Structure formats: C-alpha cells, structure tokens
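Asker: Here is how the chains run, residue by residue.
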Amino acid sequence: MKSPMDDSEFAELLESYTFGDIAPTDQQRLTRAVLDSPERAGDFAKAHEIREQFADGRFRREALDILEEGTVVSDIGYSARGIIYAPMPPKAVSLDRRSRIGRYRWYAAGAAAAAAVLIAAYVAFRLDPPVDVASSQTAAAPPTVAVTPTVPPLVSMSPADTPALAAGLALGFVAFERPAREAHGVRLDLPGGRSYASNVQVTVRVTLDVAARVYAIVRGPTGLIRQVYPVPTEEPRVLEPGPRTFAFAASEPFDPPSGGTFILRVFKVADLSRAAETDWRWMAGNAEFAERTYTVPPR
Amino acid sequence: MSFEEFAEQIRVRLVDYASSRGAAERAGDIAQETILVLWTKYAHLEREADLVPLSFSICAKKIHEARRFVARGGEEMPEHLEALDQRPDPYQALVDDEVRERLRHALRRLSSRCKELIRLRLLGHTTDEIAAALQTRLGAMYVLKHRCRERLMKEYSE
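Sequence order for the protein chains is A and B. Counting in my numbering, the first sequence runs from 1 upward without gaps. Counting in my numbering, the second sequence runs from 300 upward without gaps.
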C-alpha cells in the first residue's frame with residue numbers, strides 16, 4: 001500500500017520526531033508511513049536511535065557542549081563495525097597554491113573593496129566637522145540577535161517529549177492523571193526504603209482491607225509506564241485481606257541510565273465483576289490507589 | 300488494527316532493520332523475539348504511534364543480545380541466570396558508548412550553521428525563533444532544517 005505522505009512532509013515529521021517535539025497526531029501519521037514503506041522504516045530507525053540519545057539529559061547537555069564548540073574536532077574515528085579505533089587522519093591539504101588563491105579570489109576582492117570603503121569613510125569623517133561621538137557610536141551599534149536567553153531544563157521533559165519511552169502513554173495518561181491522595185482501603189510500604197540501584201528488586205508490601213484484585217504500575221523518569229504486578233502474562237488473582245508482598249526490578253533497560261524518580265501506583269479493584277485488565281481506563285479513573293515514589297541513582 | 304495485524308506489519312520492518320544492522324542470519328528470530336516482548340510486556344498499548352518506536356528500541360536490544368550470543372561462541376545463557384544477574388551489563392554499556400560516540404562524531408562534523416540550528420532545537424526553541432536567531436527567512440529555514448538533518452543522519456551512519 002502506498003503512503004499518501006510525500007517525502008518532504010515525511011522529512012519534516014522525522015525532523016520533529018528526532019528532536020522530540022512532534023505532535024501526537026503527527027507521530028501517528030509518521031509511524032503509519034513507517035509501516036507502509038521499508039525505506040522510511042530505515043530512516044525512522046536512525047532518527048529513533050538519535051532521539052533516544054538526545055532524550056537522556058546528560059548526553060543532551062554534552063551534545064550542547066559539542067555544538068557550542070567553534071571548531072570541528074574529529075580526534076576519534078569510528079568504524080561501521082562499531083570499534084573505536086585510531087584517530088582519523090587529518091584532512092588532505094591542497095598544496096596547489098594557485099588553486100587555493102583562485103578559490104578565495106572573490107573573497108579577497110570583497111575584503112579589499114570593504115577596506116577601501118572603510119578608509120574612504122574614515123577620511124571623510126576626519127574631514128567633516130566634529131560630531132557627538134557617543135551618539136554616533138550608539139547609532140552604529142549592531143542589531144542584537146533575538147535569541148531567547150532562557151534555557152529550559154534539560155532533564156524535565158514531558159513524557160510526550162521522550163523517545164520510545166512515550167510508549168506507555170496510552171495507559172499512563174489515565175493511570176497517573178488523578179492526583180495522589182491517601183487511600184484508606186489499601187496501604188503501601190516499601191520496606192527497602194526509597195532509593196534503589198537499578199539492578200535491585202523493589203519489594204512492595206500491600207495491605208488490603210477487603211478481598212480485591214491489585215494492579216501495580218510504575219512510571220519512570222522519562223514517562224515510560226510498565227505494569228509490575230501481576231506480571232502481564234499471569235492471570236490476575238483475587239488477593240485476600242491482609243498484607244501481601246511482591247517485588248519487581250527498580251528499573252528496566254528502557255529507563256534512562258541517568259536514573260531518576262519513579263512513581264509506583266497500586267490500584268485496588270474491589271469490584272470483582274470488573275475485568276480491570278481489559279478496562280484500564282475504568283480502573284485508572286475509578287479504582288482506589290496508593291502511591292509511593294523511589295529514586296534510582298545513575299547507572 | 301489488531302495486535303496480530305500490527306505484528307505482521309512491524310515484523311517485516313524489524314527483519315529489514317536487523318538485517319541492516321549486521322544480524323541478517325538471525326533477523327527473523329530477532330523480529331519474532333521483539334514481537335514476543337511487545338505481546339507479553341506491552342499488551343496494554345494500542346496505538347501504532349506508541350508501538351512502532353518501542354518495537355525498534357526492543358529490536359535494537361535484541362540485536363545486541365544476538366551479537367553477544369555470537370561473541371560467546373553460541374553458548375546459550377540460561378534465562379534464569381540472566382534474570383538473577385541484573386548488574387549493569389558491560390556489553391550494553393559498551394554498545395551505548397559506541398552509539399553516543401557515533402553521534403558525538405556526527406555533531407562535530409556539522410557546519411557551524413547546522414550546529415547552531417541543532418543547538419537551538421535541543422534547547423527547545425521554535426522554528427520561528429530559530430529563523431530569527433539565524434537571521435533567515437522561514438522558507439529558507441525549512442530547507443536548512445532538512446539539510447542539517449540529512450547531514451546529521453549521513454555523518455551518523457558513516
């Protein structure tokens with residue numbers, strides 16, 4: 001099936017996707033185009049890799065430093081097989097002096113003309129009667145470039161600005177849109193504290209007042225949503241009143257290596273006639289829940 | 300679109316992607332494993348806009364796993380041992396470093412105008428603001444954006 005999107009529009013959307021400011025409807029169109037065309041899928045895959053790197057606050061900052069460098073410095077080479085090897089050879093320098101002069105002949109002529117104009121202006125200025133130097137300097141001041149000086153925070157991106165990790169938005173928008181408040185029918189404790197290394201299991205103790213199904217969902221620092229209890233391949237079970245413990249990995253491979261704050265929400269579905277796992281929106285909007293946060297340091 | 304229909308469409312793209320990343324022999328398996336992860340862990344996602352990027356992320360991880368498998372001489376690592384050992388994976392760290400080094404290299408190779416454009420994009424400025432900062436017309440700005448993205452992709456791919 002041929003995609004109705006033309007190449008220039010695809011390029012425009014891909015550019016927005018790379019830098020994380022694509023609108024949700026445009027992202028839908030972009031991904032549809034990717035599914036329809038192998039060439040576009042290849043371009044998308046590259047853009048996606050770059051976007052994932054830019055989404056990481058630390059690398060983003062480093063990229064900004066590189067971009068601020070005035071000169072091109074390529075001291076590390078890269079092979080297609082992924083091995084970092086010896087420094088790149090310096091660029092070949094043309095030894096043909098005449099060709100180099102020829103290449104810059106027009107620049108030289110322009111510079112000479114500009115110099116002549118400046119000298120003429122200087123002489124004319126000297127011959128004219130004295131003027132108010134301060135006012136003439138003010139008038140001659142170059143126009144300021146309208147760059148907004150404010151720099152947005154680099155790591156506090158909205159979930160929609162993050163790369164593939166926005167994948168959890170379908171559930172995340174609803175699961176985390178209600179403000180957290182103290183739930184009475186479900187108590188939540190993290191016996192291991194509030195900070196975990198990325199490779200450590202978070203143990204959760206849930207205490208229920210009545211028999212209910214329980215669903216635990218974690219939102220990572222970049223907005224990625226994952227269900228941590230029950231494991232999606234398991235049948236949800238009705239838990240009896242009282243304490244119950246489960247554990248899950250503090251972070252997943254798709255969470256950023258820079259760590260951050262994770263939010264855990266445990267929903268209690270006491271209405272056992274509800275199949276919450278097929279009706280997330282109902283559960284997220286209606287079920288009682290308790291919330292805890294924990295942090296993961298950089299890997 | 301059902302998940303089955305989506306899986307069939309994305310599978311073809313993932314096979315191409317894995318093949319283009321030097322894993323042609325196992326591209327079919329990698330694509331299947333990727334879809335299995337989508338099915339088991341992300342079944343709650345419905346929109347292509349969410350599933351497609353996630354598919355490529357998972358597929359990239361699977362490609363690296365396949366390379367590691369080859370590097371081990373074909374020795375299969377039992378699943379349960381991998382699950383227990385969740386320390387930061389040195390191989391994965393190396394892969395991440397490699398990707399970043401490619402991107403650093405690509406950024407350094409850009410023209411000063413493209414550098415400034417991308418810098419302002421990363422800082423969250425709009426196209427209008429960037430056009431003003433670079434003192435260029437909006438129409439020319441779109442051409443410049445396109446060229447810079449192409450250049451970045453080219454340098455990143457080399």
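Each hint should be verified, as a subset may be incorrect.
[What the hints assert, rightly or not] In silico DSS-like links for lysine-lysine, alpha-carbon gap of 25 Å or less:
id, chain 1, residue 1, chain 2, residue 2
1, B, Lys414, A, Lys46
2, B, Lys414, B, Lys453
3, A, Lys46, B, Lys453
4, B, Lys340, B, Lys360
5, B, Lys360, B, Lys453
6, A, Lys46, B, Lys360
Since the hints were made in silico from the structure, they are not lab data. Everything numeric in this text was worked out from a predicted model, so none of it was measured.
Asker: Determine for every hint whether it applies to the structure shown.
Answerer: Consistency of the hints with the structure:
{"no.": "1", "hint": "Lys414(B) / Lys46(A)", "in the structure": "19 Å, holds"}
{"no.": "2", "hint": "Lys414(B) / Lys453(B)", "in the structure": "15 Å, holds"}
{"no.": "3", "hint": "Lys46(A) / Lys453(B)", "in the structure": "10 Å, holds"}
{"no.": "4", "hint": "Lys340(B) / Lys360(B)", "in the structure": "15 Å, holds"}
{"no.": "5", "hint": "Lys360(B) / Lys453(B)", "in the structure": "23 Å, holds"}
{"no.": "6", "hint": "Lys46(A) / Lys360(B)", "in the structure": "14 Å, holds"}
The structure meets every hint from the earlier list without exception.
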